[in-house]
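Here's the letter readout for the chains.
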Amino acid sequence: MIPAAFEYERPSSLAEALKMLSEGGDDARPIAGGHSLLPLMRLRLARPSLLVDIGGLADLRYVRDEGDHIAIGALCTHHELASAQELTGGCRLIAQVARQIGDPQVRHRGTIGGSIAHADPASDLPAAVLALDGAVVARGAGGSRTIPAADFFLGPLMSALEPGEILTEVRVAKRVGCGSTYEKFQRRAQDWAIVAVAAVIESSGGTISNAAIGLTNMAGTPIRASGVEEALAGAASEEAIAEAAGRVSEVGTPLPDQNASSEYRLHLAEVLIRRAVANAMS
Amino acid sequence: MAAGQKYVGGGVPRKEDPQLLTGQATFVENLTVPGMVHAALVRSPYGAARIKKVDLSAALAAPDVVAAFSGEDLADEWAAGLPMAWPVTDDIRIPDHWPVAKDVVRYVGDAVAVVVATSRAAAADAAELVDVDYEELPTVVDIEGAMAPGAPRVHESFENNECYTWTHSTGDIDAAFAKADVVVKGEYTQPRLIPNAMEPRAVLVQPSPAAGDFTMWSTTQIPHIAKILLSMILGISESKMRVIAPDVGGGFGSKLNVYAEEALCIALARRLGLPVKWVAGRSEGYLATIHGRDQLQEIELAATSEGKILGYRVKIRANMGAYLQLVAPGVPLLGGFLYCGSYGGEAYHFECTGVFTNTTPTDAYRGAGRPEATYAIERAIELLARKVGLDSIEIRKLNYLPQGEMVPSPGGLEFDSTNYAPNLDRALELLGHDAVRAEQAERRAQGSTKVLGLGFSTFVEMCGLAPSQVLASLNYGAGGWDAATVRMLPTGKAEVVTGTSPHGQGHVTCWSQIAADALGLDIDDIEVLHGDTHVAPHGMNTYGSRSLSVGGIAVYEACGRVVEKAKTIAAHLLEVSPEDLAFENGSFSVKGVPDRTKAIQELAYAAWTAHSLPEGTEPGLEANCVWDPPNFTYPFGSHLCVVEVDTETGDVDILRYVAVDDCGTVINPVIVEGQVHGGVAQGIAAALYEEATYAEDGTLETSSMINYLVPSAAEFPSFELDRTLTPSTSNPLGVKGIGEAGTIASTPAVINAVADALAHLDVGEVPIPATPERVWRLIQNAKGGAA
Ligand SMILES: Cc1cc2nc3c(=O)[nH]c(=O)nc-3n(C[C@H](O)[C@H](O)[C@H](O)COP(=O)(O)OP(=O)(O)OC[C@H]3O[C@@H](n4cnc5c(N)ncnc54)[C@H](O)[C@@H]3O)c2cc1C
Numbered sequence: 001m002i003p004a005a006f007e008y009e010r011p012s013s014l015a016e017a018l019k020m021l022s023e024g025g026d027d028a029r030p031i032a033g034g035h036s037l038l039p040l041m042r043l044r045l046a047r048p049s050l051l052v053d054i055g056g057l058a059d060l061r062y063v064r065d066e067g068d069h070i071a072i073g074a075l076c077t078h079h080e081l082a083s084a085q086e087l088t089g090g091c092r093l094i095a096q097v098a099r100q101i102g103d104p105q106v107r108h109r110g111t112i113g114g115s116i117a118h119a120d121p122a123s124d125l126p127a128a129v130l131a132l133d134g135a136v137v138a139r140g141a142g143g144s145r146t147i148p149a150a151d152f153f154l155g156p157l158m159s160a161l162e163p164g165e166i167l168t169e170v171r172v173a174k175r176v177g178c179g180s181t182y183e184k185f186q187r188r189a190q191d192w193a194i195v196a197v198a199a200v201i202e203s204s205g206g207t208i209s210n211a212a213i214g215l216t217n218m219a220g221t222p223i224r225a226s227g228v229e230e231a232l233a234g235a236a237s238e239e240a241i242a243e244a245a246g247r248v249s250e251v252g253t254p255l256p257d258q259n260a261s262s263e264y265r266l267h268l269a270e271v272l273i274r275r276a277v278a279n280a281m282s
Numbered sequence: 001m002a003a004g005q006k007y008v009g010g011g012v013p014r015k016e017d018p019q020l021l022t023g024q025a026t027f028v029e030n031l032t033v034p035g036m037v038h039a040a041l042v043r044s045p046y047g048a049a050r051i052k053k054v055d056l057s058a059a060l061a062a063p064d065v066v067a068a069f070s071g072e073d074l075a076d077e078w079a080a081g082l083p084m085a086w087p088v089t090d091d092i093r094i095p096d097h098w099p100v101a102k103d104v105v106r107y108v109g110d111a112v113a114v115v116v117a118t119s120r121a122a123a124a125d126a127a128e129l130v131d132v133d134y135e136e137l138p139t140v141v142d143i144e145g146a147m148a149p150g151a152p153r154v155h156e157s158f159e160n161n162e163c164y165t166w167t168h169s170t171g172d173i174d175a176a177f178a179k180a181d182v183v184v185k186g187e188y189t190q191p192r193l194i195p196n197a198m199e200p201r202a203v204l205v206q207p208s209p210a211a212g213d214f215t216m217w218s219t220t221q222i223p224h225i226a227k228i229l230l231s232m233i234l235g236i237s238e239s240k241m242r243v244i245a246p247d248v249g250g251g252f253g254s255k256l257n258v259y260a261e262e263a264l265c266i267a268l269a270r271r272l273g274l275p276v277k278w279v280a281g282r283s284e285g286y287l288a289t290i291h292g293r294d295q296l297q298e299i300e301l302a303a304t305s306e307g308k309i310l311g312y313r314v315k316i317r318a319n320m321g322a323y324l325q326l327v328a329p330g331v332p333l334l335g336g337f338l339y340c341g342s343y344g345g346e347a348y349h350f351e352c353t354g355v356f357t358n359t360t361p362t363d364a365y366r367g368a369g370r371p372e373a374t375y376a377i378e379r380a381i382e383l384l385a386r387k388v389g390l391d392s393i394e395i396r397k398l399n400y401l402p403q404g405e406m407v408p409s410p411g412g413l414e415f416d417s418t419n420y421a422p423n424l425d426r427a428l429e430l431l432g433h434d435a436v437r438a439e440q441a442e443r444r445a446q447g448s449t450k451v452l453g454l455g456f457s458t459f460v461e462m463c464g465l466a467p468s469q470v471l472a473s474l475n476y477g478a479g480g481w482d483a484a485t486v487r488m489l490p491t492g493k494a495e496v497v498t499g500t501s502p503h504g505q506g507h508v509t510c511w512s513q514i515a516a517d518a519l520g521l522d523i524d525d526i527e528v529l530h531g532d533t534h535v536a537p538h539g540m541n542t543y544g545s546r547s548l549s550v551g552g553i554a555v556y557e558a559c560g561r562v563v564e565k566a567k568t569i570a571a572h573l574l575e576v577s578p579e580d581l582a583f584e585n586g587s588f589s590v591k592g593v594p595d596r597t598k599a600i601q602e603l604a605y606a607a608w609t610a611h612s613l614p615e616g617t618e619p620g621l622e623a624n625c626v627w628d629p630p631n632f633t634y635p636f637g638s639h640l641c642v643v644e645v646d647t648e649t650g651d652v653d654i655l656r657y658v659a660v661d662d663c664g665t666v667i668n669p670v671i672v673e674g675q676v677h678g679g680v681a682q683g684i685a686a687a688l689y690e691e692a693t694y695a696e697d698g699t700l701e702t703s704s705m706i707n708y709l710v711p712s713a714a715e716f717p718s719f720e721l722d723r724t725l726t727p728s729t730s731n732p733l734g735v736k737g738i739g740e741a742g743t744i745a746s747t748p749a750v751i752n753a754v755a756d757a758l759a760h761l762d763v764g765e766v767p768i769p770a771t772p773e774r775v776w777r778l779i780q781n782a783k784g785g786a787a
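Chains as they are written, first to last, in our numbering: chain A, 1 to 282; chain B, 1 to 787.
Simulated from the structure, these hints should not be mistaken for lab results.
It cannot be assumed that every hint is accurate.
Cβ-Cβ distance ranges computed for the label pairs, FRET-style [claimed, not checked]:
#1 A:H108 - B:S208: 43 to 49 Å
#2 B:P13 - A:A189: 25 to 31 Å
#3 A:G142 - B:I706: 34 to 40 Å
C-beta atoms are modelled at their ideal positions from N, C-alpha and C, and glycine is treated no differently.
Let the hints inform the model, and build the full structure from the sequences given.
See below:
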């Protein structure tokens, strides 16, 4: 349980951090809360040569209302997001998700930037950002770029970030007139999801007009259940919602693991979608 | 109890806690000795393999490395292999077991080499550089596979993988089954469990090369036993070994062993002339510390059509793992007398076969044998209840042993104290039984997807290991006594030296309570010394819920002897005869003349100065007792569990947990409740969460806490506890054990509740752990596969 040897730097500005990363070469990695990276290092599954600790960069720690969207600094902790006043309307989903991550220690250390950059398909925030059609801002030596969440997650622990880039901000468009919920199924309170469903539902008078459904741990990346979303539009009864939920099978066969077979995962997703939609509308 | 009792029975705050809670405890990992070096082990990644070559050159060349050795290099260090002290049968097969494997590795985690460096990190880095050339061998990881014809043999020297078969019978079992109206049969799998003490294992050995002696600090439950056995392994005179168990952060049986790393650190310290330390990581511990349970059980009950049990026929197979650890073969036997639980009958037959596999060795884990037995009988009695049309309460009350003392049980034991029905009634009352049943019926009637179930577990267990003569009859390699010394100091304070070795239980508090009352002292004037073989030379240590009913009684008796001696001195000083004195609140007074007194503190001083003692009295006020109990103690209780099962997901949620235990006289109710809480949590963990699994090639799949699911407080409701009090007749305090009761009782209570919740769906046997997917599948299958 002892990591392999590594160097450690603690920059005092983003520019300095970027410089350290570029000079540190391919095996240099930023570290934020450390709650995904350190466990991997302790098992020696990750062996960075240099850790650039961005945890002290206070100017990456904010939640701002930017008019049409909410901007979340990469270093916001899950705990801060869970109670952020700016997260209203559909964006409340981010707070609902953050509240269900890990345990209090994890929520006080883990950051949204780390969660997204880590690109673990079992992590909770990625599916939420995807369901909200969010985007991430990445800064590298050559400047800044904005990557839509839909293009960001490439595979398990693989993202569109280039080596040396730092994720600085997560953006989610403001949406009013909708309800949201995150239905997470796990064995123990602090566990990662076996399956989870992020739902953002616009409805009036019991009829759904627009639905966004993000799925956690149903594939190598967080995914949208687009067939379900399509079928939910116009749904006005429990039966119609249940039928729409059935279309989750269109996302393909999730991989089995120690906690759940493929078949059970699909079944859970269907049940959770049904419950999520009902909760988001209530 | 002596008049003037004021501490026993009270919720005295634990004396241990201030140090533990403020970070001032002494754990082995925190110890530093000048010149200390660190050992890291290289462990087999294969379930079975021949070691062809161990190349240490790269490791030896790495920075800060002091030495590195293969198993072959160390072969001369061992005067004997790692010990197994419970050869349950005369023909048991006992494999060689070396601290570091020499030629063949037999499980993932078996040690093949060791690297010693000046820091723990350097040792870990260099261990990665050891190049071992293995030739893989076929593996077998499960009991059935190991017993199949032609299975790969874990030990080539044995004809097959069977280690032993032990049988035990009372009465005429065939006759009981022949006359039975009904027979029910249950088959159960007890999953493999990984003990998770808060503190992982660690060892530090300091040699004194000139004197030829060794001090070992170890995270052990058994410093005295370890001292004897390690001196034998290393060929060191026992008198040259000192073993210290400082603050030890839990054990649950996982530290009731003599481990390879203890022997290895002594051998390295001897070779290098340097203090050597080894600390396990959590995942390393998962490979290299004993596992528990892992049994296949078959139980048959023969009964009358009214539901009265006539006979019990039990056959189990137990996974020993790759080698035999300290008491592994005997663990199933500790349950072997209890498959009849708290019930009567005419005949009993038990048979257990131990089996070798390419897995981490198993051994005693909290409850050791009794959770398995309790599970089987408490599930099987529900089958019987269904078969004869009785409910869970009726079937139990019909079969309970009668109330009494020294009541014979079909398993061949005599229970010291039985009084089962009132205990169950108290639990039913606390639960509000009828209301729970009403809500269950209502939810079913509404077709709710959240169904309720109520599970019963009314258990009896056997603890307080043990009368030495009984242990002899079971081929156990040690006695069952324990020792205490109580010493009054000249300043009027007292030292209590105990042979028990607490690692979280609170002996310091409880022994202080017992001694304070018996000697009439303030509790703060009592110091309890333990866990160092130079301070407490005699002890049989702590496991099997034995400490209070054996070691605690030794303390109590030794206090009595101190008081007796003090009385003769008091009589001498007061110029009366001892019979004329009364002892109360620490003071002797002349009967009828209450102002002529001598306080025990004055007598301690008088005994120390020895200026005026009765003729023939030795100076000093101190007494010993070695207590060898006449019988085990048999705690019992009724645990009731209410679960909610989500029929759509298979998720099981425990809504209520009611436990009424009977552990006889209670010394400290807060500690008793703590033990019940932890025990119940561990049993629930086995019912719903924890299960160690191996891939066919011998890889431990549940290799960390990410996938070995130890639950946290968030998974449990508040437990609702009460007690009944039926004093043990086996000891003068009337105490029984409580350390394992919760674990023994709770697993079947939970599974019975899940089964009860699904009873209307007619699902088959509920497997443990009852994971959401397994429960969902049961429901699916009962529905005929319809989603
Ligand atoms: C016990 C436990 C339980 C947990 N349970 C859950 C759970 O239920 N749900 C869940 O979603 N998560 C869970 N987590 C993970 C937790 O949320 C992590 O904190 C989070 O996934 C990563 O955030 P971090 O700040 O800790 O990232 P770090 O561990 O510091 O970094 C993770 C990775 O992202 C990179 N990185 C970090 N920040 C940036 C950045 N700004 N720009 C570019 N790259 C960056 C790092 O280089 C590294 O590769 C759990 C963790 C633990 C230890």
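Structure-based check of each hint:
Between H108 (chain A) and S208 (chain B) the C-beta distance comes to about 47 Å, which sits within the given range of 43 to 49 Å. At roughly 30 Å, the beta carbons of P13 (chain B) and A189 (chain A) sit within the given window of 25 to 31 Å. With their beta carbons about 37 Å apart, G142 (chain A) and I706 (chain B) fall inside the hinted range of 34 to 40 Å.
Of the numbered hints given earlier, the model fails none.
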